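Asks: Residue numbers (the numbering used here), protein chains in the order written: chain A, 1 to 292; chain B, 1 to 281.
Just so you know, these hints were derived from the structure itself, not from any lab. Please read these numbers as outputs of a predicted model, since none were measured by experiment. Among these hints, one or two may not hold up.
As the list claims (entries may be wrong) - A short list of chain A residues far from chain B (calculated; beta carbon distances all over 12 Å):
id, residue
1, A74
2, F247
3, I277
Stated by the list, open to error - With a straight-line cut-off of 16 Å between C-alpha atoms, the simulated EDC-like cross-links for lysine to aspartate or glutamate are:
id, chain 1, residue 1, chain 2, residue 2
4, B, K165, B, E192
5, B, K125, A, D175
6, A, K189, B, D129
7, B, K163, B, E150
8, B, K163, B, D129
9, A, K189, B, D108
10, A, K105, B, D81
11, B, K163, B, E146
12, A, K105, A, D57
13, B, K210, B, D160
14, A, K105, A, D236
15, B, K165, B, D129
From the three backbone atoms N, C-alpha and C, an ideal C-beta is built for every residue, glycine too.
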Amino acid sequence: MSRSTRWRSGSVRYAWRKLTNAGMLSLTGLAAFLAVVPLVWIVVYVASQGARFVSADFFTKLPTPVGVPGGGIANALGGTAILVGIACTISIPIGVLTAFYVADKPDTPLGLAVRFGTDVLSGVPSIVVGIFAYTVVVLPMKRFSALSGGLALAIIMLPTVIRATEEMLKLVPNDLREASLALGAPEWKTSLAVMLPAALNGVITGVMLGVARVAGETAPLLFTSFGNPFWSARLDQPIASLPHTLFVYAISPYKDWHAKAWATALVLMALVLSLNIIARAWTMIRQARLGG
Amino acid sequence: MIGQLVHLVGLTSALPSPGQSSDPADDLVKIRVADLNVYYRSFRALADLSVEILERRITAFIGPSGCGKSTLLRTLNRMNDLVPGSRVEGRVNLDGGDIYGPGVDVVDVRRRVGMVFQRPNPFPKSIFDNVAYGPRLYGVRGRELEDLVEESLRRAALWDEVKGKLHRSALALSGGQQQRLCIARALAVEPEVILMDEPCSALDPIATLKIEDLMRQLAQEYTIVIVTHNMQQAARVSDYTAFLMMDEERTGRLIEYGTTQQIFTTPRDRRTEDYITGRFG
Chain A
1 MSRSTRWRSG SVRYAWRKLT NAGMLSLTGL AAFLAVVPLV WIVVYVASQG
51 ARFVSADFFT KLPTPVGVPG GGIANALGGT AILVGIACTI SIPIGVLTAF
101 YVADKPDTPL GLAVRFGTDV LSGVPSIVVG IFAYTVVVLP MKRFSALSGG
151 LALAIIMLPT VIRATEEMLK LVPNDLREAS LALGAPEWKT SLAVMLPAAL
201 NGVITGVMLG VARVAGETAP LLFTSFGNPF WSARLDQPIA SLPHTLFVYA
251 ISPYKDWHAK AWATALVLMA LVLSLNIIAR AWTMIRQARL GG
Chain B
1 MIGQLVHLVG LTSALPSPGQ SSDPADDLVK IRVADLNVYY RSFRALADLS
51 VEILERRITA FIGPSGCGKS TLLRTLNRMN DLVPGSRVEG RVNLDGGDIY
101 GPGVDVVDVR RRVGMVFQRP NPFPKSIFDN VAYGPRLYGV RGRELEDLVE
151 ESLRRAALWD EVKGKLHRSA LALSGGQQQR LCIARALAVE PEVILMDEPC
201 SALDPIATLK IEDLMRQLAQ EYTIVIVTHN MQQAARVSDY TAFLMMDEER
251 TGRLIEYGTT QQIFTTPRDR RTEDYITGRF G
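Could you build the full structure based on these sequences and the hints that come with them?
Replies: Below you can see the structure in the form of structure tokens.
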């Protein structure tokens, strides 16, 4: 076979190559399809099971005892909002400031320790975090509380916030930092006035993803915020939450509570899903705007 | 602050325009670099370098890539402090005071010695906020701030192009406009010296010409130091030229320093001649 004919489209070699290409492409397509099947399955199944019970009342009413029809999860919605609020109040300032330190001084002993610690922390099982919060808050206070639950969620959120912020800070062009310093701005001012605004969108995205993660956490709340069948906004009292309510309903032996569990699952899933979608849409819009 | 500006303008108008006076004896030394050695960890980037930068003149640092001309420039406002492992020996005197001396406020050094970078780097803020950034750090507010922003933009020859859209994003400006905005931003803190690190290398020829014209105007009031790869540019705009080269250890050394006219017409060193005639580099 001469050089010129070897690559011709009619050759056996060429046909084989085309075939392998098609085969491999189909394989990757199949794998991608299999990967989305669980997601679609869960969404469809939960929606079909839960939608029957979801109504306006479900969002605004308190839970009813077994056998009493109606009732809702208003206390759990409010409780989750409060718990997530506490988690954000603790984790955002600490996480963002930590990220500034780590991004600026990655090679110092403390910087290395924090980076390693962040990785380890993100791998700690959430129930262990719950036990930790139980030990440091619940035991001394001698009661379950919203505060202890919020703290547990804050610890779980922290690595996400630190990582997202750090990644965004690293993307801020060094030019901007130098421009500010060359104008005589001190480092802290440069961080606050130039770095933070430039990284803000990433920080917001990171926080939203973190919230989406902790909003669905059950294990760390089992022995911290505990759960509460009534309205409560007090930080030193047990408080209801969506995942915990779902857990209680699901393990109960009652039929009507099972139905409520599905409905709660639907609400929780919709909440987490929309947080994720908003976070990603936000990033995409910002990127598109910066590109144009 | 404005009063100070007006005072400066009044003072400089009586002085001869740059280029007229080519006798170094007439000029005041603004920055005196003596026996400067700069290290990045164990690597010696600049060795035994001494040079005098004259007030209200444009001094160009030229030389092949890696010869340390940017390092030298960034030593003049202590921007090299930001590079981990960098170390400076020797003296850099600004109006007689060593900027590396004990108790010197880096922030104040950088206020007095402004800098314009290779790539235009406006903040992702409005045009106004970019220029106002520096003055705001020093507490300038309100009417005074607005006046200062306008004044700075006028000096940077940008006012007429942006006066109607001060609150639009600076990123919407063209590259040349962005670079003049960066110059305006540097001028707004009323520096005495302006360092320019290849300010035109990212710009097209017309924008380059505008910046060069601007530099000539600014040299009536400010001391300007420019690093350039472009020898024609050095010849066009500068009053004095320093030629740097690296030795076998890749350490930058000053080969020759003199008036631009002398360097480009009668270089004393063989290496300078080779470089400016394009035999290497």
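Asks: Now tell me, hint by hint, if it's right for this structure.
Replies: Results for each hint:
1. A74: 42 Å, holds
2. F247: 45 Å, holds
3. I277: At about 26 Å from chain B, I277 (chain A) clears the 12 Å cut-off, so the statement holds.
4. B:K165 with B:E192: 29 Å, violated
5. B:K125 with A:D175: 15 Å, holds
6. A:K189 with B:D129: Holds, at about 15 Å.
7. B:K163 with B:E150: 8 Å, holds
8. B:K163 with B:D129: Holds. K163 (chain B) to D129 (chain B) sits at ~13 Å (cutoff 16 Å).
9. A:K189 with B:D108: 15 Å, holds
10. A:K105 with B:D81: 14 Å, holds
11. B:K163 with B:E146: 12 Å, holds
12. A:K105 with A:D57: 52 Å, violated
13. B:K210 with B:D160: Within the cut-off at roughly 14 Å; holds.
14. A:K105 with A:D236: 38 Å, violated
15. B:K165 with B:D129: Cα-Cα ~12 Å, so holds.
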